[in-house]
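Novice: Those protein sequence lines, which keep their order, are chains A, B, C and D. For the first sequence, my numbering assigns the number 5 to the initial residue and increments by one for each residue that follows. For the second sequence, my numbering assigns the number 5 to the initial residue and increments by one for each residue that follows. For the third sequence, my numbering assigns the number 5 to the initial residue and increments by one for each residue that follows. For the fourth sequence, my numbering assigns the number 5 to the initial residue and increments by one for each residue that follows.
Please note that the accuracy of each hint is not assured.
In this list, chains with the same sequence are indistinguishable; a pair is considered to hold if it fits within one copy or across any two.
Straight-line C-alpha distance at most 20 Å; calculated EDC-like pairs for lysine to aspartate or glutamate [stated by the list, open to error]:
| id | residue 1 | residue 2 |
| --- | --- | --- |
| 1 | Lys32 | Asp73 |
| 2 | Lys299 | Asp174 |
| 3 | Lys208 | Asp260 |
| 4 | Lys279 | Glu83 |
| 5 | Lys44 | Asp194 |
| 6 | Lys44 | Glu120 |
| 7 | Lys279 | Glu48 |
| 8 | Lys279 | Asp90 |
Think of the hints as simulated: they come from the structure by calculation, not from any bench.
There are 4 protein chains.
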Amino acid sequence: MITAAVLGASGYSGAELLRLLHTRSDVKVTRCIAASSAGKRVAEVYPAFAGRLDASFEPLELSGFDGTDVTFVALPSGEAMHVVPDLLGKSRRVIDLGGDFRLQSAAVYKEFYHHEHVAAAFLPEAVYGLPELNFEKIRDARLVANPGCYPTSAILALLPALSRNLIASDGIVITSMSGISGAGRSASVDLSFSEINENIRAYKIGQHQHLPEIESVLGDATRKQVSVSFVPHLVPLTRGIYTTVHSTLLAPVSDDDVRSVYSEFYHHAPFVRVKEEIPQISHVVRTNYCDLFVKVDPRTHQLIVVSVIDNLVKGAAGQAIQNMNIMFQLPQNEGL
Amino acid sequence: MITAAVLGASGYSGAELLRLLHTRSDVKVTRCIAASSAGKRVAEVYPAFAGRLDASFEPLELSGFDGTDVTFVALPSGEAMHVVPDLLGKSRRVIDLGGDFRLQSAAVYKEFYHHEHVAAAFLPEAVYGLPELNFEKIRDARLVANPGCYPTSAILALLPALSRNLIASDGIVITSMSGISGAGRSASVDLSFSEINENIRAYKIGQHQHLPEIESVLGDATRKQVSVSFVPHLVPLTRGIYTTVHSTLLAPVSDDDVRSVYSEFYHHAPFVRVKEEIPQISHVVRTNYCDLFVKVDPRTHQLIVVSVIDNLVKGAAGQAIQNMNIMFQLPQNEGL
Amino acid sequence: MITAAVLGASGYSGAELLRLLHTRSDVKVTRCIAASSAGKRVAEVYPAFAGRLDASFEPLELSGFDGTDVTFVALPSGEAMHVVPDLLGKSRRVIDLGGDFRLQSAAVYKEFYHHEHVAAAFLPEAVYGLPELNFEKIRDARLVANPGCYPTSAILALLPALSRNLIASDGIVITSMSGISGAGRSASVDLSFSEINENIRAYKIGQHQHLPEIESVLGDATRKQVSVSFVPHLVPLTRGIYTTVHSTLLAPVSDDDVRSVYSEFYHHAPFVRVKEEIPQISHVVRTNYCDLFVKVDPRTHQLIVVSVIDNLVKGAAGQAIQNMNIMFQLPQNEGL
Amino acid sequence: MITAAVLGASGYSGAELLRLLHTRSDVKVTRCIAASSAGKRVAEVYPAFAGRLDASFEPLELSGFDGTDVTFVALPSGEAMHVVPDLLGKSRRVIDLGGDFRLQSAAVYKEFYHHEHVAAAFLPEAVYGLPELNFEKIRDARLVANPGCYPTSAILALLPALSRNLIASDGIVITSMSGISGAGRSASVDLSFSEINENIRAYKIGQHQHLPEIESVLGDATRKQVSVSFVPHLVPLTRGIYTTVHSTLLAPVSDDDVRSVYSEFYHHAPFVRVKEEIPQISHVVRTNYCDLFVKVDPRTHQLIVVSVIDNLVKGAAGQAIQNMNIMFQLPQNEGL
C-alpha cells in the first residue's frame with residue numbers, strides 16, 4: 005500500500021488527484037491538506053464525492069508527513085518552494101504540480117514568475133516529470149517537477165521532430181487554447197461565466213511562464229538552442245488544451261514519413277496516440293492521453309503538429325499519478 | 005433633449021442602459037456614476053464601447069444631479085434606498101432598477117432582503133414600473149420601481165388569466181431558469197465559468213426576494229389573494245429568463261380561448277407577443293419583447309404558460325427605458 | 005464471465021454502455037451491433053476509444069446472439085419491439101433502454117409514441133428496471149424495460165412522499181431540464197450548436213411520452229391514481245437532467261421530517277443520495293447517482309423536491325448496468 | 005430609397021442581413037429569396053422577427069430583380085456563380101457574400117473549392133469588397149465579392165505590416181478560431197451541440213479555401229509573393245473569429261512603432277480599432293468592428309498580431325452593408 009498526501013487538495017488539480025486516487029486499492033490518501041478549507045469535509049466542498057470519499061481537509065502541519073511514501077503538492081506556483089524543502093525530509097517522494105521546480109535557472113524563474121526563488125538549491129535535483137522523456141530519472145527521483153499543461157502538449161508535439169532533426173529549432177510558433185479550469189478555482193470577474201462564455205481571449209503574449217519551460221526542456225533534451233513564440237488563449241470550455249504548432253522543415257518529407265517517426269518515437273509511451281485524423285478535445289477529455297496529428301504543408305515547407313490533452317489529467321493530476329506509478333514501479337497506466 | 009444620469013453604470017444593467025441610450029439623438033447621458041470604477045473611461049471597463057461612447061465613470065456626488073430629467077439607479081438592492089430620497093429633490097424623475105421600492109411593505113422587505121428599509125416613507129409614492137399594468141401611473145410618477153427580471157416574466161404570464169378569472173389564485177407554481185448575467189458582475193467562485201458551465205442549480209427555493217414582488221403585484225392588480233410557489237434556477241447561458249407557470253383552471257377552456265384572452269389583454273402592449281409556437285430565449289434575446297405561450301392541459305385541468313424575456317432588457321434596462329419613454333410621452337418602443 | 009451484446013451501440017447510450025463495460029474484467033462485450041456504422045471500428049466513430057477498445061460495429065444478425073448472457077438494446081423507441089421477441093429466444097436476458105416495453109398498455113403506448121405496438125404480448129412480462137422499486141423482479145426478469153431519463157429523476161423524487169402518504173397524488177407539477185445528449189446523436193438543425201447555445205426551449209408540453217410512464221409507474225407502485233403535469237426543457241449543456249417537482253402536502257411537516265422519510269426509504273439504495281444542500285448537475289455527472297433534496301414550503305403547503313441525474317448514466321446506460329449487476333447477483337455498484 | 009434583394013435569405017448570413025437592414029428608413033428590402041423556405045413567413049423561420057419584419061421567403065425568379073438597386077447573394081459557394089451572371093443584367097449592383105468571385109484564378113478556385121468555375125468570365129470585373137483596401141473600386145463596382153470571414157480578420161491584421169515593409173512576406177503563420185455559425189445553418193452530427201460543446205477541433209489544415217484568398221489579396225495589394233500557413237479551428241461559441249498571426253520582422257521595432265503604423269494606416273477606417281489591450285470576441289460581437297492588437301516579440305524577432313471580428317457582421321453581412329453604403333455614397337457606418 006502506497007501512502008499518499010495531497011497538499012493543496014481543494015483546488016481543481018487537487019480534486020482531480022483525489023478523484024483519480026480514491027478508488028485505488030493500492031494507494032491510500034492519508035492527508036488532504038487545504039488551508040483555505042481546513043476543517044470542512046471534502047464532500048462539502050466537492051459534493052460529487054458524497055458517499056464515495058470520507059475525508060476532511062486539514063491545515064498544513066509538516067509533522068504529519070513523516071513516512072509518507074509520496075506527497076503531491078498542488079499549491080500555486082510561488083507557494084510550493086516554501087514548503088518543498090521541509091517536505092523532502094519527511095515524505096519519501098515529492099511530486100510538485102506547480103511551476104517552482106521546472107526551470108533550472110532561478111534567474112529565468114524570477115523573470116517569468118515575477119518573484120525570487122527561495123529554494124534554488126533544490127533546482128538541480130528536481131527531475132522534470134515528463135515520462136515520455138525522463139522515465140528512468142523519474143523512477144529514481146526524490147523530487148519531481150510535474151510539467152505544466154501547455155508545455156506537456158507542446159513538448160510532446162515537438163520532441164520527435166526536433167530529436168530526429170526534421171525541423172529547425174528556431175522559428176517555432178505555438179498557439180494554444182485552454183479550457184478555463186486551467187486558470188484554477190478562484191473568484192475573479194475575468195473568469196466569471198458571463199465574461200468567458202461566448203468569448204475568446206489571448207493573454208500573456210510572449211510572456212507566459214510556460215514559455216521558458218518549453219524552450220529549456222526541448223533544448224536540454226535535444227541539445228539545441230530552441231526558440232519558440234507562444235500565444236495562449238482562453239476559450240469557453242472547462243477542460244482541455246488544444247495546441248497547434250508550426251515549424252520549418254529542414255528537408256522535404258511526407259505526412260507518412262513524419263507520422264512514422266512519431267509513432268516509432270512514442271512506441272513505448274502508453275499515453276501518446278499518433279492519430280491519422282485531426283484530434284479533438286473530446287477524444288482525450290478525462291483521460292491521460294495526448295493525441296498527436298502531423299501534417300506537412302509542402303507549399304510553405306512547414307510541419308504542422310496538433311497536440312491535444314486534458315489539462316487536469318495529462319496536463320496535471322493524471323501525469324502526476326503516472327509519475328507516481330513509475331516511481332513505485334507500477335504499470336504507467338495503473339488507475340488511469 | 006432629455007438629460008439622463010446613470011447611477012451604478014458599471015454593472016451589467018448599467019452597461020446595458022448605456023448601450024441602449026448612447027445612440028439616441030433625443031437623450032443625452034450626462035453622468036455615468038460608478039464608484040468602483042470612478043476615473044476610468046467607460047471603454048476601459050467595457051472595451052466594446054471604444055470609438056462609440058466617449059465618457060468616463062464618475063464618483064457619486066449628488067450635487068451633479070440638479071436639473072437632470074431622469075436618473076436611472078442601477079445600484080444593488082439595499083444601496084439605492086440610501087440615495088433615492090436625496091435624488092428625488094434633484095433629478096426630476098428617478099427610475100430604480102433594484103428591489104428597494106418594489107414592495108409596499110417595509111416588513112416584507114426586511115423578511116426577504118434581510119435588512120431594514122431606511123426609506124420606507126417613499127414606498128407609497130413609488131410606482132411599479134410594469135408598463136403593461138401601470139402605464140398611466142408611470143407617465144406621472146416621480147419615482148418608478150422598475151420590476152425584477154423574474155417578476156416581469158411571471159407577472160406578464162399570469163396577469164391576463166388572473167384578471168379574466170381563468171385560473172385559481174392559489175396553487176400557482178412558477179419555475180424559472182435564468183442566464184448568469186442576472187447574478188450581476190461580481191467576483192465569485194460560484195459564478196466562475198468552471199462552476200456554471202455544464203451545470204444547473206436551483207437556489208433560494210421558496211425564499212427568493214422576487215416571490216413577494218410577484219404575489220403582491222398580482223394581488224393588488226387583481227384584488228385577489230395570490231399565492232405562488234417559486235423556484236429559480238441558474239443555467240449555463242449569459243442572457244435570458246425562461247419561466248414556465250402552472251396554474252389550476254377554474255373552468256374548461258381551449259388553447260384558442262386562452263390565447264384570445266391573452267392577445268386581447270396585450271392588444272396595446274407593443275412588447276408582448278402571444279405566440280402560437282413555444283418560444284425560446286433566442287427569439288427575444290437583446291430585445292425588449294416578452295414572448296408568451298399558453299397551453300391547456302385537459303388531463304390535469306391546468307393552464308401552462310411559458311414566458312420568455314431577456315433579463316437585461318425587458319428584465320432590466322430595456323424596461324427602464326420603456327418607462328422613461330412613457331414618462332416623456334415618447335413612443336414606448338423609441339430606441340428599443 | 006458475463007457475455008454481453010450491445011444493440012444500437014453507436015448512439016450516445018450505446019457508447020456510454022461500451023465506456024462503462026469495456027474496462028470490466030467480469031464482463032466481455034461479444035457483439036457491438038450498429039447497422040448505420042457496420043464495418044467501422046468503434047474507435048473510428050468514437051476516437052476516444054482508440055487504444056482502449058479494439059472492436060468493430062457489426063450489422064444485426066440474430067443468429068449471433070445465441071447463448072449471450074445479456075443483450076442491451078439501445079435502439080430508438082419503435083425499433084426495439086421489432087427485435088426483442090426474437091432476441092428473447094436467444095439471449096438469456098434482455099435490457100431494453102428504449103421506451104417500447106415500459107408501458108403496460110399498448111393503447112397508451114400508441115397515444116404517446118404515435119405508432120402501433122407490434123409486440124404487445126411481451127408487455128406483461130417486462131419488468132420496469134428501476135432498482136429502487138423493483139430489485140427482486142429485476143433479479144429474475146428475462147426482459148427489463150430500463151426507465152426513461154426523465155422518469156428516473158421524477159419517480160425517485162416522488163416515490164417516498166407518495167408511498168408514505170405525505171402528498172396528494174394529483175396536482176403534481178414536474179419541470180425538467182435536460183442536457184442535449186438526451187435528444188440522441190442525430191443530424192438536425194434544431195440540435196445544432198448555433199441553435200442550442202445561449203438558448204432554452206420547452207417542448208412537448210403535456211404530451212411527452214415519458215408522462216404516462218411517470219404516472220403509471222408511480223400509480224402501480226403506490227396503488228393510487230397519480231396525475232402529473234410535466235414540462236421538459238432543453239438547456240445548453242451536454243449531460244444531465246435537473247427535475248424540480250411541486251406537490252401538495254397532505255399535512256404539515258418539517259424539512260427534517262421529510263428528509264428522514266426519504267433517507268429511510270432509500271436506506272438500501274446505493275445510488276440515491278438525500279442531500280442537505282441543493283444538488284447540482286455537476287455533483288452527479290458521469291456517475292450513477294441520483295441526488296435528491298426536499299424542501300417544505302409552509303406558505304403554500306407544498307413539498308418541493310429537486311432530483312438530479314446524469315441522463316446517460318442513471319438515466320440510461322448506468323442504470324442498465326445496475327440492472328445487469330442485479331440480474332447476475334453482483335454488487336449493484338460493480339463497475340459504476 | 006435603396007431597393008435591396010436578398011438571395012439566400014434563410015441562412016445565418018441572410019438573416020443577419022435582414023436584421024441589419026429591416027430597421028433602416030433609407031433601404032427597402034423588396035425580395036427575400038430562400039428556395040428551401042419559400043412560402044414561409046420570415047418570422048416563422050426566425051421567430052425573433054415576429055412583429056418587426058412582415059415578409060415572406062420567396063422562390064428564386066430572376067424576373068423579379070429588374071430594377072433592384074442592389075442584390076445581396078448569400079448562397080453557398082458554388083451556387084452563386086450559376087445565378088450572378090443573369091442577376092447582373094437586372095439588379096444594378098450585386099454583392100456576393102460567398103467565395104465564387106473572390107479569387108481571380110479559376111484554376112485556383114477549382115483546386116480549393118473542388119469544382120469547376122462556370123462563370124470565370126466575370127472574375128476580372130469582380131471587386132474584392134474589403135473597404136479598407138478597395139474603397140474607390142467598391143464605390144463604382146457592379147459586382148463586389150464580399151470577403152470571407154477568416155480573410156477579413158487575417159488581411160486586416162497583415163495589410164499595414166506588409167505594406168510598410170515591417171515583416172517578411174513568407175513564413176507567415178495564421179491561426180484562427182471560429183464560432184460555429186460560420187459553418188452555416190445545416191443539419192449535421194458534426195455541428196450538433198453535443199459534439200461541439202466542450203470541444204475544439206482544427207480542420208482543413210493547409211487546405212482551407214480561404215487560404216488562397218488571403219495570399220492573393222495580400223499579394224496583389226502589396227505586390228509581393230505572400231505565403232502563409234493557415235489553420236482554422238472550431239471552438240464552442242456561436243459568433244466571432246479570433247485570429248492570431250505570427251510573422252518575421254525585417255528590422256527591430258517597438259510595440260509603439262508598430263501600433264503607430266497601424267493606427268495611421270487605418271486612420272480613415274471607421275471600423276478598425278487599433279487597441280492597446282488584447283482584444284476579445286466580446287468587444288466586437290454584433291458590431292462591424294475589427295479590433296487589432298500588435299506585439300513585438302524581441303526574443304524571436306516576430307510580430308504577433310491579434311485580430312478579432314464578428315464573423316456574421318464584419319465577416320459577412322455587416323461588411324456587405326458597409327459595401328452597399330459605399331456604393332450609394334452613404335456614410336460607411338450607416339445602420340451599422
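Novice: Each hint needs a verdict: does it hold in this structure or not?
Specialist: Consistency of the hints with the structure:
| no. | hint | result |
| --- | --- | --- |
| 1 | Lys32 <-> Asp73 | within (10 Å within a copy, 36 Å between copies) |
| 2 | Lys299 <-> Asp174 | both (19 Å within a copy, 19 Å between copies) |
| 3 | Lys208 <-> Asp260 | between (35 Å within a copy, 17 Å between copies) |
| 4 | Lys279 <-> Glu83 | neither (38 Å within a copy, 35 Å between copies) |
| 5 | Lys44 <-> Asp194 | between (27 Å within a copy, 17 Å between copies) |
| 6 | Lys44 <-> Glu120 | neither (33 Å within a copy, 33 Å between copies) |
| 7 | Lys279 <-> Glu48 | between (41 Å within a copy, 11 Å between copies) |
| 8 | Lys279 <-> Asp90 | neither (44 Å within a copy, 40 Å between copies) |
Hints 4, 6 and 8 from the list above are not met by this structure, while the remaining hints are.
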